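Student: What follows is each chain in one-letter form.
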Amino acid sequence: MSNQASVLDNLEEVRAMIRRHKFNDYVFSIIGLIALMIGLLTLLTLFVDLVMDGYPRFTFEFLSEYPSRRAAHAGLLSAWIGSLLVMIVTFLSAVPMGVAAGLYLEEYAPKNWFSDLIEINVTNLAGVPSIVYGLLALGLFVYILDLGQSILTAGLTLGLLILPVVIVATREAVRGIPVAIREAAYAVGATKWQVVLHHVLHYSFGGILTGVIIGMARALGETAPLITIGALTFIAFLPPSPITDTPPFLNFEWLSSGFTVMPIQMFNWLSRPDHAFHMNAAATGALIIVVTLLMNGTAIWLRYRIRKNIKW
Amino acid sequence: MNTATQVLPNQTELKISARLAKNVRRHFVERVIEFLLMLAAMSAVATTMAIVAILLYESLSFFEHVSIIDFLTDTQWTPLFEDAHYGILPLVSGTLTTSAIALLVAIPIGTIGAIYLSEFASHRTRETVKPILELLVGVPTVVFGYFALLFVTPLLQKFIPGLPGFNMLGPGIVMGIMIVPYISSVAEDAMRAVPMSMREGSYAMGATRFQTAIRVVTPAAISGIIAAYILGISRAVGETMVVALAAGQQPNLTFNPMESASTITAYIVQVAMGDLPHGSIGYQSIFAAGLVLMLMTLIFNILGHLTRKKFRETY
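Sequence order for the protein chains is A and B.
Position 35 of the first sequence, counted from 1, bears residue number 35 in my numbering, the numbering being contiguous throughout.
Offset between the second sequence (1-based) and my numbering: plus 312.
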């Protein structure tokens, strides 16, 4: 009798234990969700904080005026134009180089120590702190190559910085293309380069674009390397226009012009003790966040679309 | 018929030689293109070599003026003062303190997040949450600097009276939240690589999800999870704008997070903001600081990749 009672007792205990453990599962799944939400909540708080601090400056004048000693009249004109011009150089330097490197590593590179060396370098470069690229640019571009503290230097620096991003994105996009596509092209007599250019590159275009957009968004928000090369913070002029009304309609003087970019302007306003300038910094921050989030959002959406539409 | 056979070979011969010439040209173009693509790939190697060369070159000039022993043992870093001291320790202590706070925040949140994503979340949740985490990675760091200086620090001052406007706690916490996505994504990859059969074995013994996650999956993926932590450290050490804005600019040999202190990265920014003449000792000092930074992140990166590789080979 007593034996049976103890079994029953035990059964109750076991049931209690199961309930307890199931409860633990439940508790943990809530804790896990909260942990993941912390990031999102921070992002929301950050954005709301910026908008609340900076909304008086959300005016058209803020985008059309030069920086000024008086906070209420200071604007972003030279900074957003500087950002735009630097981005052009970054795009033109990083994208062809990165895509070519990615294609070489996936399509051409033999399996030997040399390819391994390149691979290790790409992985390593992705982990180098951005400010070290700034030191490289200061020593190499500014002084040894004597390019000065110019838009060209800044664009090339950021180009080097996002090169690993473009290379990795290209490689991943190219790797996803089935061998059958390549074999079909070879079968009708295409050379290797024709296969790569007309088929591999064509089909991986979306994937590469995703990586390029993410890289450009990163370059747009990057501050430290540009401060390191000595970007000026108070620029009350615009670089010479790249497009002229006399032939050949293009002008390259802007490349050697001094510049400032949006994140540096924000940093400059933020490091002033006068609180009136903090309002400008907040408005700039809100603008930078909106632009980078839009870019990253587009990239993520694009990748999702591509994944959904792939029907090999 | 006869004339035809006499003429035809001639024509085909011509065609063949033209085709062969075309083939040679095509072959040549192919080789040139391959060479150009290889040059592009070599740019990665060239960049690494250029970074190392520039840092070493300027640092060597720096160490002509400053002995390495002073650099590693002196407790003051005042290269721009009249009475110049060149001890890197205060900058290293600032860097390590802010990174340690960041890790104290990021490791628990990142690990729990990774366990949740890999073991608990439904497919739908995972597909929603991961892009959001990616968006967080895309936010420029200067904006996080604003957040640390003008939102987190004032908030902390309400709870900790006497906390100075520049301190290492606020930026450390913000940096921690910044690196959560890095840690959780690498750790999640490691946990997802654990074979399903191990989980099924555990479930068959009557273990719950939580027990399986903690006692089976986590130990099996531990080297990948540790790799995630190490890569997180490397991120925190190299982070610049948040500490440059919110941690202060005064080198300070302390591990107290309530104090203000400069980090290696913040020092480089501070010097670059001023206008130092090329070739001066102050100019060279940022390269010496950069070399130390590069070595620190390199060690962590290599350690991280080694541990990560190890877990890949297990299954």
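Be aware that one or more of the hints could be misleading.
Some chain A residues close to chain B (C-beta under 10 angstroms, calculated; not the full set) [what the hints assert, rightly or not]:
no. : residue
1   : S130
2   : I131
3   : Y133
It should be emphasised that the hints constitute simulated quantities derived from the structure, not laboratory data.
The structure presented is a predicted model; accordingly, all values stated were derived computationally and were not measured.
Cβ atoms here follow ideal geometry from the backbone N, Cα and C, with glycine treated the same way.
Student: Next, verify each hint and record whether it holds.
Tutor: Verification of the hints:
Annotation: S130/A was flagged as interfacial toward chain B, and the flag holds, the nearest CB pair being 7 angstroms apart, inside 10 angstroms. Among the interface hints, the one on I131/A holds; its C-beta lies about 5 angstroms from the nearest C-beta in chain B, closer than the 10 angstroms criterion. The beta carbon of Y133/A comes within 8 angstroms of a beta carbon in chain B, closer than 10 angstroms, and the hint placing it at the interface holds.
The structure agrees with every numbered hint stated previously.
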